[in-house]
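2 protein chains.
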Amino acid sequence: MKVRVNLMNHENTPEEMIEVLRKAPRVALFSHVSPDGDCIGSMLAMGLALEKMGKEVSFYNPNPVPSYLSFLPGSSRIRQELPSPQPKILLFVDCTDLGRVNMSRSEISRDSIVLNLDHHISNLFFGDFNWVDAHASAVGEVALTLINQLGVEIDLDMATNLYTAIVTDSGCFEYSNTTAQTHRLTADLLDKGVDLSNIHHNIFDQKPLARIKLLQCALNGLEILADGQLAIMTLSAEDFRKSGAEQDLSEGLVNHARSIVGVEVAVLLKEVGPQEIKGGLRSNLWLNVNEIAAQFGGGGHQRAAGCTLRIPMAEAKQIITTAVEEALRIGRNH
Amino acid sequence: MKVRVNLMNHENTPEEMIEVLRKAPRVALFSHVSPDGDCIGSMLAMGLALEKMGKEVSFYNPNPVPSYLSFLPGSSRIRQELPSPQPKILLFVDCTDLGRVNMSRSEISRDSIVLNLDHHISNLFFGDFNWVDAHASAVGEVALTLINQLGVEIDLDMATNLYTAIVTDSGCFEYSNTTAQTHRLTADLLDKGVDLSNIHHNIFDQKPLARIKLLQCALNGLEILADGQLAIMTLSAEDFRKSGAEQDLSEGLVNHARSIVGVEVAVLLKEVGPQEIKGGLRSNLWLNVNEIAAQFGGGGHQRAAGCTLRIPMAEAKQIITTAVEEALRIGRNH
Numbered sequence: 329m330k331v332r333v334n335l336m337n338h339e340n341t342p343e344e345m346i347e348v349l350r351k352a353p354r355v356a357l358f359s360h361v362s363p364d365g366d367c368i369g370s371m372l373a374m375g376l377a378l379e380k381m382g383k384e385v386s387f388y389n390p391n392p393v394p395s396y397l398s399f400l401p402g403s404s405r406i407r408q409e410l411p412s413p414q415p416k417i418l419l420f421v422d423c424t425d426l427g428r429v430n431m432s433r434s435e436i437s438r439d440s441i442v443l444n445l446d447h448h449i450s451n452l453f454f455g456d457f458n459w460v461d462a463h464a465s466a467v468g469e470v471a472l473t474l475i476n477q478l479g480v481e482i483d484l485d486m487a488t489n490l491y492t493a494i495v496t497d498s499g500c501f502e503y504s505n506t507t508a509q510t511h512r513l514t515a516d517l518l519d520k521g522v523d524l525s526n527i528h529h530n531i532f533d534q535k536p537l538a539r540i541k542l543l544q545c546a547l548n549g550l551e552i553l554a555d556g557q558l559a560i561m562t563l564s565a566e567d568f569r570k571s572g573a574e575q576d577l578s579e580g581l582v583n584h585a586r587s588i589v590g591v592e593v594a595v596l597l598k599e600v601g602p603q604e605i606k607g608g609l610r611s612n613l614w615l616n617v618n619e620i621a622a623q624f625g626g627g628g629h630q631r632a633a634g635c636t637l638r639i640p641m642a643e644a645k646q647i648i649t650t651a652v653e654e655a656l657r658i659g660r661n662h
Numbered sequence: 329m330k331v332r333v334n335l336m337n338h339e340n341t342p343e344e345m346i347e348v349l350r351k352a353p354r355v356a357l358f359s360h361v362s363p364d365g366d367c368i369g370s371m372l373a374m375g376l377a378l379e380k381m382g383k384e385v386s387f388y389n390p391n392p393v394p395s396y397l398s399f400l401p402g403s404s405r406i407r408q409e410l411p412s413p414q415p416k417i418l419l420f421v422d423c424t425d426l427g428r429v430n431m432s433r434s435e436i437s438r439d440s441i442v443l444n445l446d447h448h449i450s451n452l453f454f455g456d457f458n459w460v461d462a463h464a465s466a467v468g469e470v471a472l473t474l475i476n477q478l479g480v481e482i483d484l485d486m487a488t489n490l491y492t493a494i495v496t497d498s499g500c501f502e503y504s505n506t507t508a509q510t511h512r513l514t515a516d517l518l519d520k521g522v523d524l525s526n527i528h529h530n531i532f533d534q535k536p537l538a539r540i541k542l543l544q545c546a547l548n549g550l551e552i553l554a555d556g557q558l559a560i561m562t563l564s565a566e567d568f569r570k571s572g573a574e575q576d577l578s579e580g581l582v583n584h585a586r587s588i589v590g591v592e593v594a595v596l597l598k599e600v601g602p603q604e605i606k607g608g609l610r611s612n613l614w615l616n617v618n619e620i621a622a623q624f625g626g627g628g629h630q631r632a633a634g635c636t637l638r639i640p641m642a643e644a645k646q647i648i649t650t651a652v653e654e655a656l657r658i659g660r661n662h
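Top to bottom, those sequences are chains A and B. 329 is the number of the first residue of the first sequence in the numbering used here; add one for each residue after it. 329 is the number of the first residue of the second sequence in the numbering used here; add one for each residue after it.
Extracted from the complex, chain A is given alone in its bound form:
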């Protein structure tokens, strides 16, 4: 059984952060660029809870809230302008460092108190008070724990935000960061009556048509190699153009190749510029794709890695295929 650790910096404890929040009349909340369900949902739930305690709150994100998250209660209150005047208490949610909100310490008043609520192991402990639980699947878990400790009763709006946070970052409870605690906290949220169908429809069923067209292009170019162990797909600049899709819409498409029976390694090669190919590599059970990506100056994790190749697509496909086939051959002989 995993031990859950709250990583705090040396000088303070969760109780001190709770104490700061209890006393604060005004709190400004911040969440990171390219916002997702976890940072937005957790920030909103925290803010709504603080508001229930009688505090004045404001919400900031450098980017507009993506339309698929606009159903979240309170989302229309999120601003792209920094709060002015700046309140004394600033609470950063799901941010490893101030760069994640496009801010530097110089933009923060000298007498401000910075609170840092996060779940990334890479967190830089930039706050005056830091609550970083690297064992939490989502910062939503940490926010829910904090709200409980503040003694605020979770209402349906907070529960909807927190459920969205957890379901987003735990990959619908599938990713290996999901723990027994994730499910126990989620159970408490379901007790509040969250509307599963509505949330899942909003989060998972709002795919732009351009993404489906991109999937179509990717599947039309799918090749199965290395005795069925390698599935490789390519997307040309022309594919993006005719689909009307931006680069980021291709995210996750590689999983269609990865989920084919017998496949150990899946690769998606994207032409992002003239003679500029971005490769995304995934493996299922044993192959270390980080090592393959590293051969081409890239990196990542054992099961998910990427690299950029400054050569034409056909050549990129050839050398990645050769590298994967070689790794599979060596692996098999071990």
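Treat the hints loosely; a few may be bogus.
Heads up, the list lumps identical chains together, so a pair's fine if it works in one copy or across two of them.
[Said to hold, decoys possible] Computed list of lysine to aspartate or glutamate pairs in DMTMM-like fashion (alpha-carbon distance at most 25 Å, straight line):
| id | residue 1 | residue 2 |
| --- | --- | --- |
| 1 | Lys-351 | Asp-456 |
| 2 | Lys-520 | Glu-502 |
| 3 | Lys-541 | Asp-555 |
| 4 | Lys-570 | Glu-654 |
| 5 | Lys-535 | Asp-523 |
| 6 | Lys-541 | Glu-566 |
| 7 | Lys-541 | Glu-653 |
| 8 | Lys-570 | Glu-599 |
| 9 | Lys-541 | Asp-567 |
| 10 | Lys-606 | Glu-384 |
Rather than coming from a laboratory, the hints here were simulated on the basis of the structure.
Go by the hints and put chain B onto chain A.
For chain B alone, coordinates are given in the frame of chain A:
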């Protein structure tokens, strides 16, 4: 908050089923045709628990275990022959009636005791003792509760089986049958150390290549109509032939169309024979596709329905499109 109800027949209580199981030296377990993760996982977990209590158990399913479930601990012990001699205690798991195991009451010894463990509201209470919890997302929830009440400590093998059961029938905790209790029971299983990556890989990442090819065909024929509210896909007999796919491999493909932003109704038309078109209809938020299917002699539910049309594909596509457009038009004007 939902009240959880155990639907028992008038003559007995869960305690009586527990008492029967406690006393039984031998138990034969049964699960239904076209087995899935819930019936196989729950049957195996129940059997392993009874074995831990010192009982002799046997496992029966009319069909071979699908290869994607062969990782389940104990699955190799499941037989396609009825146990002989037949033990006195017969435990049916996830079966609404004996027809689900291709059996009739005449095949059961007169002095046998039939136990019926299920979660379908349509259960026929065919057992001498029946434990049917229609509020459980999976019969795995009922099995876990029963094992707990039998006082058997859940081990990793049972937990792996039960997690697979629950994740299968709750649609990865997405379907609206998922409750707070589903998550609480799942948390207890994660405490036993189940390997999420391995289970999810086995259940969800074992798609036959033929299915991906079928998806490719379906996407190549995707049309968006009715101002973006209708997404329709077709699969010809030729598509199935060249993909090497059986009819049942197309199951769920309609969801790719349903998940496009703005789409309210998604339709997949399959040519299953000469002039024989099967239509699958799904809606997202409000349209009653059951009513549309009913116009063509079909039926189902408000958000998922089907029908069969004995006309050529082009004609079928035309009349279904017209019917959906009409329903959308009427709905919009309400």
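Hints and how they fare:
no.	hint	verdict
1	Lys-351 to Asp-456	within (16 Å within a copy, 63 Å between copies)
2	Lys-520 to Glu-502	both (23 Å within a copy, 16 Å between copies)
3	Lys-541 to Asp-555	between (28 Å within a copy, 18 Å between copies)
4	Lys-570 to Glu-654	neither (35 Å within a copy, 31 Å between copies)
5	Lys-535 to Asp-523	within (20 Å within a copy, 30 Å between copies)
6	Lys-541 to Glu-566	both (12 Å within a copy, 22 Å between copies)
7	Lys-541 to Glu-653	between (29 Å within a copy, 23 Å between copies)
8	Lys-570 to Glu-599	within (14 Å within a copy, 29 Å between copies)
9	Lys-541 to Asp-567	both (9 Å within a copy, 19 Å between copies)
10	Lys-606 to Glu-384	neither (45 Å within a copy, 57 Å between copies)
In the structure shown, a violation is registered for the earlier hints numbered 4 and 10, in ascending order.
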